[in-house]
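Chemist: Residues per chain are reported as follows:
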Amino acid sequence: MDEQRRPHILVTGAAGALAQQVIERLRETCNLVAVDFREQVYLGDDIPSYCIDFNKRSFEDLFRRYRFDGVIHLGRIMSSQLTRMRRYNANVLGTQKLLDLSHKYGIKRIVVLSTFHVYGAVAYNPALIDEEAPLKSAGLSADLIDSVELENLANIYLWRYPDLNITILRPCNIVGPGVRNSISTLLGMERAPVLAGFSPMMQFIHIDDMADAIVLTYNKPQRGVFNVAPEDWVAYQHALKLCGCKTIPIPSIPPVLPKMILSTLKLRSFPSYLMHFFKYPVVIDGRAFAREFNFTPRRPLKEIFRFYRENKKPV
Amino acid sequence: MGLASFLKSRLIPAELDSHINRIRKPIGSLGYDPWGYNNEVMKYGFSLTRQLYEKYFRVEATGVEKIPADGPVLIVPNHSGQLPIDGLLIAYALASRETDPRIPRAMIERFFPTVPYLGNLLNEFGAVLGDPINCAKMLANGEAVIVFPEGIRGSGKLYHDRYQLKRFGNGFMHLAMKYNAPIVPVGVVGCEETIPAIANIKPLANLLGIPYAPVAMPVVLPAKVHLNFGDPMIFDDREIPEEQVTDRVEQVKAAISELIDTGLSERKRLF
Numbered sequence: 001m002d003e004q005r006r007p008h009i010l011v012t013g014a015a016g017a018l019a020q021q022v023i024e025r026l027r028e029t030c031n032l033v034a035v036d037f038r039e040q041v042y043l044g045d046d047i048p049s050y051c052i053d054f055n056k057r058s059f060e061d062l063f064r065r066y067r068f069d070g071v072i073h074l075g076r077i078m079s080s081q082l083t084r085m086r087r088y089n090a091n092v093l094g095t096q097k098l099l100d101l102s103h104k105y106g107i108k109r110i111v112v113l114s115t116f117h118v119y120g121a122v123a124y125n126p127a128l129i130d131e132e133a134p135l136k137s138a139g140l141s142a143d144l145i146d147s148v149e150l151e152n153l154a155n156i157y158l159w160r161y162p163d164l165n166i167t168i169l170r171p172c173n174i175v176g177p178g179v180r181n182s183i184s185t186l187l188g189m190e191r192a193p194v195l196a197g198f199s200p201m202m203q204f205i206h207i208d209d210m211a212d213a214i215v216l217t218y219n220k221p222q223r224g225v226f227n228v229a230p231e232d233w234v235a236y237q238h239a240l241k242l243c244g245c246k247t248i249p250i251p252s253i254p255p256v257l258p259k260m261i262l263s264t265l266k267l268r269s270f271p272s273y274l275m276h277f278f279k280y281p282v283v284i285d286g287r288a289f290a291r292e293f294n295f296t297p298r299r300p301l302k303e304i305f306r307f308y309r310e311n312k313k314p315v
Numbered sequence: 001m002g003l004a005s006f007l008k009s010r011l012i013p014a015e016l017d018s019h020i021n022r023i024r025k026p027i028g029s030l031g032y033d034p035w036g037y038n039n040e041v042m043k044y045g046f047s048l049t050r051q052l053y054e055k056y057f058r059v060e061a062t063g064v065e066k067i068p069a070d071g072p073v074l075i076v077p078n079h080s081g082q083l084p085i086d087g088l089l090i091a092y093a094l095a096s097r098e099t100d101p102r103i104p105r106a107m108i109e110r111f112f113p114t115v116p117y118l119g120n121l122l123n124e125f126g127a128v129l130g131d132p133i134n135c136a137k138m139l140a141n142g143e144a145v146i147v148f149p150e151g152i153r154g155s156g157k158l159y160h161d162r163y164q165l166k167r168f169g170n171g172f173m174h175l176a177m178k179y180n181a182p183i184v185p186v187g188v189v190g191c192e193e194t195i196p197a198i199a200n201i202k203p204l205a206n207l208l209g210i211p212y213a214p215v216a217m218p219v220v221l222p223a224k225v226h227l228n229f230g231d232p233m234i235f236d237d238r239e240i241p242e243e244q245v246t247d248r249v250e251q252v253k254a255a256i257s258e259l260i261d262t263g264l265s266e267r268k269r270l271f
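Top to bottom, those sequences are chains A and B. Here the first sequence is numbered in UniProt numbering, starting from 1 and rising by one per residue. Here the second sequence is numbered in UniProt numbering, starting from 1 and rising by one per residue.
Bear in mind the hints are in silico, worked out from the structure with no lab data behind them. For each residue, glycine too, the CB sits at the ideal point set by N, CA and C. Fair warning: there could be bad hints in the mix.
Claimed, not checked - For lysine to any residue, the following SDA-like pairs were computed, each having C-alpha atoms within a straight-line distance of at most 25 Å: (1) A:K246 - B:K8; (2) B:K25 - A:A288; (3) B:K66 - B:K178; (4) A:K259 - B:L118; (5) A:K136 - A:G197.
To be verified - Among chain A residues calculated to face chain B with C-beta under 7 Å, some are: (6) I248; (7) S252; (8) L301.
Whenever a hint applies, use it, and build me the whole structure from the sequences.
Modeler: Have a look at this one:
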């Protein structure tokens, strides 16, 4: 039959900018199917695209029809979107369904996108956090539980079903054109909130570099959990300055004060449960990933910030 | 000329600028390292510390050349004087030495990162949260690290306990052994007299969430400071029971004690 069968890959989170970058890189060599819970996106005639809830039975039909070899699971509802309950259903239960189906249909390779938020922002964090560090986030905010649970679930499947070849990626802040997460929104603003007197170290990875990292990961079936971050660091307020943002300081002591202010304002880009990420550093060590997958990010911080500076006013 | 560049030209002369720039540091494209050290901010800190070091405390440093020119090294002094002035002066002594200057990293108390402005500023000057993982990663990076094994037991002690070494933790010895880092003991004399405290109001300290609340004059006295650096001590990385690790710690403690005695005998007057 078709000896030279092109790999069939399911990509989730297709409406996101990152998934679309990954799809661009793989469409020449692979047969892709794109899904998203939020909306159906048109990705060209060669890529079937679906708007589907993983928890619905019809999701299994995709596995029957397309006989996938691999899954790239990027569809994670970010902590700034939807309610806690709906996020839990989509991120945790939805991922479980996806992994169960992957096991049932003999998938050989899965890449799961997590986030550095799982480590949690606390004052006593050392810098260059390793992959084996405890995930403190769940204890700090109920709004980040789904991120940690998603990871735990992927970890259980990683060890229980080694044939799935699961790799979990924990990237630092993903930024760049088209990215809609909270940090990217902040960098793009004219005036961005900061906690007075706090400017934690941060790491940023360009969306194109991250897409490269995901493709590299998919192509090398090395199981495990990896941080993804370039070896470059900048303080939050300095990053804002380089993006041409003015800062709006929010009083930071006593600690209940900023929490109260942020809960009242309900800013989508600066929610109260992410407050500590703008107070204490969460600097991860991406060297294991760089070594294992031979990854070198190519877009320097200055280039990333120039993009935000030059695109302050949408045309 | 803007205010910022005017201040910079006054505070940071060209020779200082080039002095700092020639010190090799593992920093990223914007001048930061993972712990928040910043090369540009550091220059201001260096310039201000120079005034304190030369004019205010009139520091006399002996043996600073004994600190190796490169590779991991732990600098272990006695701790005193309520504020971490001792760490600052030792760091300046090493950063300003003529041959092979290095910018050491000081491990600081755990409550500093929660203090607005000050926490960030200390990080930019190269101070780092006193966490064993931080220390290990920095030694692996080949940095010179200042640790105070007495911790707040040393800095918070009262004037009548001056120059008595408090209990040393063993953590620094384990790290030195694991990363083959020589230990350079330092005897600091004079910092005890900068902020002499007669009592510690513990309930107030608990209320404010700070390590101690000393009863002292609200000024830093211009005591003359002597820094005596000892010969590097090298410990192998054999697997040994904790008891023997404690013995090694006692050796370091004894060396520091001797260096303090040397400093006290050299000192002619307090101020």
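Chemist: Hint by hint, say whether it matches the structure.
Modeler: Here is how each hint holds up against the structure:
{"no.": "1", "hint": "A:K246 - B:K8", "in the structure": "holds, 23 Å"}
{"no.": "2", "hint": "B:K25 - A:A288", "in the structure": "holds, 22 Å"}
{"no.": "3", "hint": "B:K66 - B:K178", "in the structure": "holds, 21 Å"}
{"no.": "4", "hint": "A:K259 - B:L118", "in the structure": "holds, 21 Å"}
{"no.": "5", "hint": "A:K136 - A:G197", "in the structure": "holds, 24 Å"}
{"no.": "6", "hint": "I248", "in the structure": "violated, 16 Å"}
{"no.": "7", "hint": "S252", "in the structure": "holds, 5 Å"}
{"no.": "8", "hint": "L301", "in the structure": "holds, 6 Å"}
Of the numbered hints listed earlier, the single one contradicted by the structure is hint 6.
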